[in-house]
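*Asks:* Here are the chains, one letter per residue:
There are 2 protein chains.
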Amino acid sequence: MSVENAKRIMMEHFASTARKFGLSELYGYIYGVLFFEDEPMSLGEIAERTGYSLSHASSALKFLENLGLVVRIKKPGDRKAYYKAVKNIQEWRRAAYYKRILEDVKETRESLLRALEELEGEESGEAERVRERIELLLKKNLVAEKIAEILSKGDEKVLRVIIDCIEKRSKRTSDDGSGAAL
Amino acid sequence: MSVENAKRIMMEHFASTARKFGLSELYGYIYGVLFFEDEPMSLGEIAERTGYSLSHASSALKFLENLGLVVRIKKPGDRKAYYKAVKNIQEWRRAAYYKRILEDVKETRESLLRALEELEGEESGEAERVRERIELLLKKNLVAEKIAEILSKGDEKVLRVIIDCIEKRSKRTSDDGSGAAL
Chain A
1 MSVENAKRIM MEHFASTARK FGLSELYGYI YGVLFFEDEP MSLGEIAERT GYSLSHASSA
61 LKFLENLGLV VRIKKPGDRK AYYKAVKNIQ EWRRAAYYKR ILEDVKETRE SLLRALEELE
121 GEESGEAERV RERIELLLKK NLVAEKIAEI LSKGDEKVLR VIIDCIEKRS KRTSDDGSGA
181 AL
Chain B
1 MSVENAKRIM MEHFASTARK FGLSELYGYI YGVLFFEDEP MSLGEIAERT GYSLSHASSA
61 LKFLENLGLV VRIKKPGDRK AYYKAVKNIQ EWRRAAYYKR ILEDVKETRE SLLRALEELE
121 GEESGEAERV RERIELLLKK NLVAEKIAEI LSKGDEKVLR VIIDCIEKRS KRTSDDGSGA
181 AL
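Just so you know, the sequences run in chain order A and B. First residue of the first sequence? That's 1 in our numbering, and the numbers climb one at a time after it. First residue of the second sequence? That's 1 in our numbering, and the numbers climb one at a time after it.
Take these hints with a grain of salt, some might be off.
Which copy is meant is left open, so a pair is good if it fits within one copy or across any two.
[What the hints assert, rightly or not] For lysine-lysine, the following DSS-like pairs were computed, each having C-alpha atoms within a straight-line distance of at most 27 Å:
1) Lys-84 / Lys-140
2) Lys-140 / Lys-153
3) Lys-84 / Lys-157
4) Lys-140 / Lys-99
5) Lys-168 / Lys-106
6) Lys-168 / Lys-153
7) Lys-84 / Lys-139
In case anyone wonders, no lab produced these hints; they're calculated from the structure. The structure displayed is predicted, hence computed values, not measured ones.
Construct the complete structure from the given sequences, taking the supplied hints into account.
*Replies:* Written out as structure tokens, the structure is:
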């Protein structure tokens, strides 16, 4: 057991997170180095620590900065750029998943609305039946959109609110003897 | 504008949903035919309506049944099998996304716990600093797991509870003048 082993496990984990998202593991290692540092690190220090060339490290840092995982810091009287890890890479990954769900939900919405438009003015029993079904999907689609929007922001406070709320509710339903679990 | 156009739009939508999930569009079309029917349809009727062979239609129905999107129904005194669409194909697709997130969360948990194990008994300042950071990730990981577990069940009632809860909270924070939006 050792601190170095613990760090190594986490570095491997960040690298595998990057790979799973279709990125080079380089991004994971660089993020990992910054994750364990209290102080911002210069490009040179990062390159040295990870063993990557300055140009590789620099373009990876630019990329991580664009993703919002790393921030660049300027120190007064110092021309060098320093970097700091800011956001949790796992949360970022999940937010990306939720964004995909959100895109999916929006595409579905478009199809549903186009289909409903086609039914405008149609008053046969068949039209009514089809309309009802599509409207039900539309209702579910709106609920799904709200949920995915909330989650894609990945705001931790909101996640806590959701959990508290669900726990309270399952407590209430078991207290009042209705026995209906959520 | 016509009912047929509306149905066609929805059929295309179901087919594209199937494709996006790496399945043949055949699954989407067959699901779509059942989606608009009130009464269960026999295999023969489904094959005829979609233009697929009996054997193709039959294996697609088995697959859809395994996914829980379609149920098979037996009628008394009738040897034929009948099929009915039960679950929303979009909800199923989202549940599958949430399951992936859940797998991801569990893998992350394992790395975090392994890293913490390595730190057991280590009491240097460095060990303390690394431990703190990993424990923070672990806390976030547990929250993420709960959320993904709830969502992967795709229970519509739970989704409503979540939305009500969030709406109530944002109302409360704006009522009390704290102005803090969720």
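*Asks:* Using 27 Å as the alpha-carbon threshold, which applies to Lys-140 and Lys-99: within, between, both, or neither?
*Replies:* both (18 Å within a copy, 19 Å between copies)
*Asks:* Please sort Lys-140 with Lys-153 into within, between, both or neither, judging by C-alpha distance up to 27 Å.
*Replies:* both (21 Å within a copy, 15 Å between copies)
*Asks:* At most 27 Å between C-alpha atoms: does Lys-168 with Lys-153 qualify within a copy, between copies, both, or neither?
*Replies:* both (24 Å within a copy, 19 Å between copies)
*Asks:* At most 27 Å between alpha carbons: which applies to Lys-84 and Lys-139, within, between, both or neither?
*Replies:* Cα proximity of Lys-84 and Lys-139: across copies only (21 Å, versus 43 Å in one copy).
*Asks:* Using 27 Å as the alpha-carbon threshold, which applies to Lys-168 and Lys-106: within, between, both, or neither?
*Replies:* between (31 Å within a copy, 25 Å between copies)
*Asks:* Using 27 Å as the alpha carbon limit, work out where Lys-84 and Lys-157 are close: within a copy, between copies, both or neither.
*Replies:* within (23 Å within a copy, 42 Å between copies)
*Asks:* Is the C-alpha distance from Lys-84 to Lys-140 at most 27 Å within one copy, between copies, in both cases, or in neither?
*Replies:* Classified as between; 20 Å across copies, 41 Å inside a copy.
Hint violations for this structure: none, all hints satisfied.
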